[in-house]
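**Student:** Sequence:
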Amino acid sequence: MKTINQNFLVPILSILFLINSQIVYGQKPNVEDWLIPRAQEISIGEDIFEYREGRIICPEINDPEIYPVVKSVQNIFEKSGHYFSFAAVEAKGEIPVIRLEIDNKAGIKPQGYKLIINPQSILLTANDKSGLFYGVQTIKQIVGFALSSTKGYLPTVQISDWPDFERRGVLLDMNKDKIPRMETFYRIIDQLASWKINELQIFFKHAFAFVNHPEVSQDLSPITAEQIIELDHYCKERFIDLVPYQDGFGKLSEWMKYERYLPLAECPEGCETRSGKYGPSSLSPAVPASLDLVDELYSESLPNYSSRYVNIGSDETFELGKGRSRELCEKYGVGSVYLDFLKEVEKRASSHGKRVQFWGDIILRHPELISELPKDMIPLVWGYEADHPFEVQLPKFKDSGLDFYVCPGTSTWNSILGRTDNAISNLVHAAEQGKKFNAMGYLNTNWGEYGNWHPLSTYYMGFLYGAAVNWAVENNKDLDVAFLLDRWVFKDQANLMGEIVMDLGNAHKLTGIELPNHSIFNRALASVGQSYKEDNIFSKLTIDGIEKADLSLVKSIDKLKLANMTCDDALQVYGELMNAAELCRHSCRLMKNKMLSKDGTLNNISEAERQFLIKDMSRIIANYRELWIKRNRVGGLERSVDKLQRILYYYKDL
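Residue 50 in the working numbering is what sits at position 37 of the sequence shown, and the numbering runs on without skipping anything.
For the record, the hints were derived by calculation from the structure and aren't laboratory data. On a predicted model such as this, the values are computed, not experimentally measured, just so you know. No residue lacks a Cβ here, since even glycine has one placed at the ideal position from N, Cα and C. Heads up, some of the hints might be wrong.
[Said to hold, decoys possible] Okay, derived cross-link-like pairs now, BS3-like style, lysine-lysine, Cα gap no bigger than 25 angstroms in a straight line: (1) Lys164 <-> Lys92; (2) Lys449 <-> Lys504; (3) Lys249 <-> Lys122; (4) Lys448 <-> Lys411; (5) Lys656 <-> Lys643; (6) Lys448 <-> Lys504; (7) Lys189 <-> Lys290; (8) Lys522 <-> Lys572; (9) Lys335 <-> Lys290; (10) Lys388 <-> Lys335; (11) Lys356 <-> Lys409; (12) Lys561 <-> Lys504.
[Said to hold, decoys possible] Cβ-Cβ distance ranges computed for the label pairs, FRET-style: (13) Leu609 <-> Arg321: 55 to 65 angstroms; (14) Ser349 <-> Lys388: 42 to 52 angstroms; (15) Lys153 <-> Glu107: 20 to 30 angstroms.
From just these sequences and the hints, can you work out the full model?
**Tutor:** Have a look at this one:
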């Protein structure tokens, strides 16, 4: 009787096993499709990793930053039914089941790693600690793939991986009413860390509990210094740098509400700008005491962060030259006055040992002054539309020898459900141009304009895709985002949620109207009392377009009811998306009523229709309140709801 060579059998059995374990619910059997982000280089073998007894060896196990990383590897495999102890050194003759090591002489790029999974062992070699952490995230995803697709058997792979950008960030805008609970922050941080994000900026502004300026946050539930220190520590454990973002020039409107600060304002009474009437929000370079306030703000906020960076904002200085600094600006020019004050703010921030970032849009209006910026400053070049000219703006900073970031966005704000196609195009375009011009960083922004109506569930599409393209743009720009949302965010066994979220974010396009920086759904609600004949945007609107958008929303709502999410916040996700979709349906009904009226208003709608709008908006507001407090602090809720209540009051007054 002939014996069969076992070496010959292994690959055959492996292939048969993989064929036999076809994935249910349409899941993909290719491990590369499960990775977020996809690796720079990957080779997938035909064998499987054969589980055996042994240990995890990590020479750096006693390093307090490394121990949790190794422990997480142990936990991954323990959950899959395999226990491995760990140690710093191998026993004589031992072949570790898993070996994790740092070797900065192995030719691996900074933050990079090499991962080899063969039938006998797993070897992860990294250039540095962060690279080891990122390699472990990849192992976690491969194990997740195996548990869902191949009955727990890991495929053999060879991966060589590193990031396109040194710093890969996300910005959360928390100053516009919505301040998450600590557990919500932890949820977001954990998710971002798993996708290899290494910078987080949280825009607290007046939502920070300043001891010396308590009035600015009195209507909120502000974040305290102790909580920032706690978040900072939580981020560091996950190799994320929590960067403070505190304006010291513009965007100080919450301060200017009080008489105490008006002597520092450029325009205490407000002024006309190209965007219309604008209330006081900027400090005046003509008032020396303005810098005293900057000193106070930075002295209270910056010491709570371990980061060596700070974002001082300094955009939206719309009033400059229209008030107290008028004579200075007439004498030296608006650009020079802006730059001089910016440098003074930079000195205050850098005195705390921080390297300063700032928004680059104002200085771009005066490109002749870019060369006069301190060489250590880092411009943040932002743009949120699909066709933003990063390719024109980035070279202006590169040619001046400055480090700089490219800053796209999730396109969620002022949209309710997002703007999916715009976000995808904006995020990938920014990554391509940022890489081309060697940007130091990529900061994916999520703003909170007009009450922050868009729920957390809408953030993740942009966060996920942004994290993918800022790690390895060429290998990730054609990512199946819907599939990955189902896998790693919503954990939907019906494979519907990713598609639902992306479709909801594109529903606004079916009206035939696409708007910069917001959606038609949001605009219609915000301008409820305005006649459509007074707004050229609505002159292009059609009943057919409104009905197509509404039908798309209905289809997504029906699909939402069929989803089978297993994430631990599934009920919250369902409620958030359902309520946001119903708010957009309400917007469609509002638009249709105005389109059918003679004067473009709701003044002549039937009593039955008026009562329907009142009842529908009342229900939406009630659900909005209930959903809000499950993720966010109660402070700020009334300010956000007030913008919805205004719509309800308008209906009642008709």
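**Student:** Honestly, which of those hints from before does the structure not fit?
**Tutor:** Structure breaks hints 2, 6, 10, 12, 14.
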